[in-house]
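J.: Here's the letter readout for the chains.
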Amino acid sequence: DQQVKQNSPSLSVQEGRISILNCDYTNSMFDYFLWYKKYPAEGPTFLISISSIKDKNEDGRFTVFLNKSAKHLSLHIVPSQPGDSAVYFCAASLWGNEKLTFGTGTRLTIIP
Amino acid sequence: DTAVSQTPKYLVTQMGNDKSIKCEQNLGHDTMYWYKQDSKKFLKIMFSYNNKELIINETVPNRFSPKSPDKAHLNLHINSLELGDSAVYFCASSQAGQGAEAFFGQGTRLTVV
Numbered sequence: 695d696q697q698v699k700q701n702s703p704s705l706s707v708q709e710g711r712i713s714i715l716n717c718d719y720t721n722s723m724f725d726y727f728l729w730y731k732k733y734p735a736e737g738p739t740f741l742i743s744i745s746s747i748k749d750k751n752e753d754g755r756f757t758v759f760l761n762k763s764a765k766h767l768s769l770h771i772v773p774s775q776p777g778d779s780a781v782y783f784c785a786a787s788l789w790g791n792e793k794l795t796f797g798t799g800t801r802l803t804i805i806p
Numbered sequence: 050d051t052a053v054s055q056t057p058k059y060l061v062t063q064m065g066n067d068k069s070i071k072c073e074q075n076l077g078h079d080t081m082y083w084y085k086q087d088s089k090k091f092l093k094i095m096f097s098y099n100n101k102e103l104i105i106n107e108t109v110p111n112r113f114s115p116k117s118p119d120k121a122h123l124n125l126h127i128n129s130l131e132l133g134d135s136a137v138y139f140c141a142s143s144q145a146g147q148g149a150e151a152f153f154g155q156g157t158r159l160t161v162v
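Those protein sequences? They're chains V and C, same order as listed. Counting with the numbering used here, you get residues 695 to 806 for the letters of the first sequence. Counting with the numbering used here, you get residues 50 to 162 for the letters of the second sequence.
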């Protein structure tokens, strides 16, 4: 039972445009959400997070939006840069809990 | 100066062998983890240790035994390796209670032949 889903395995975006990565979850108990970025042959790197008491969190070019009623979150990257090409994982947890539940990832390719 | 380092990076071994993967973190974190990424790219938690104490054990076969000699180290020992154990294993660490914002090692690609 996949509690965190990323339905788009891949996404291609022109450099300078906005990249939007989507994530859905089924467990309404999740209250903390994160995005990780992963380059080949490296471990995932934490990018940005949001708690369920917020609907938006922004950090530079990265913004995460949370829609609790739809159990949906998205990551916006603007403007997209070639170095953003990577696999992006959405993850969810209960605040203060040690366990992360990951989605299957979306491979983002930025086209120069 | 790597924050979470694991060795080896690649491991090829025959079925039935016993192998270990080592992990060390220099971040001063209290909690360490092992995650497994299988061929379908699912990344799932296997174990979590807090200050050398087992916190999470996600129904992993008992052929897998984590060992934490101190809070900076969490090693993974696998007995009687099977073909299905082939995967990438990631070690990670975090501050206690903030498991979400974990720092990951580079991964160990285990191939069982």
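You may find that some hints are simply not true.
Claimed, not checked - Below, in silico cross-link-like pairs of lysine to any residue (SDA-like), each with a Cα-Cα straight-line distance of 25 Å or less:
no. : chain 1 : residue 1 : chain 2 : residue 2
1   : V       : K793      : C       : Q155
2   : V       : K793      : C       : Q63
3   : V       : K793      : C       : T62
Stated by the list, open to error - A few chain V residues facing chain C, derived, Cβ under 10 Å:
no. : residue
4   : G710
5   : F759
6   : T795
Don't read these hints as lab results, they were simulated from the structure. Here a beta-carbon is modelled for each residue, glycine too, at the ideal position from N, C-alpha and C.
J.: Hint by hint, say whether it matches the structure.
T.: Now the hints, each set against the structure:
As the CA atoms of K793 (chain V) and Q155 (chain C) are separated by approximately 19 Å, the hinted pair is consistent with the 25 Å bound. For the proposed pair K793 (chain V) and Q63 (chain C), the alpha carbon gap of about 31 Å is over 25 Å, so the pair is violated. For the given pair, K793 (chain V) sits about 30 Å from T62 (chain C) by alpha-carbon distance, which is inconsistent with the 25 Å threshold. The beta carbon of G710 (chain V) comes no nearer than 29 Å to any beta carbon in chain C, farther than 10 Å, and the hint placing it at the interface is violated.
Hint status for F759 (chain V) relative to chain C: violated, with the closest Cβ pair at about 18 Å, above 10 Å. Look at T795 (chain V): its Cβ gets to within about 8 Å of chain C, closer than 10 Å, so that hint holds up.
Going down the numbered hints, you'll see the structure goes against 2, 3, 4, 5, while the others check out.
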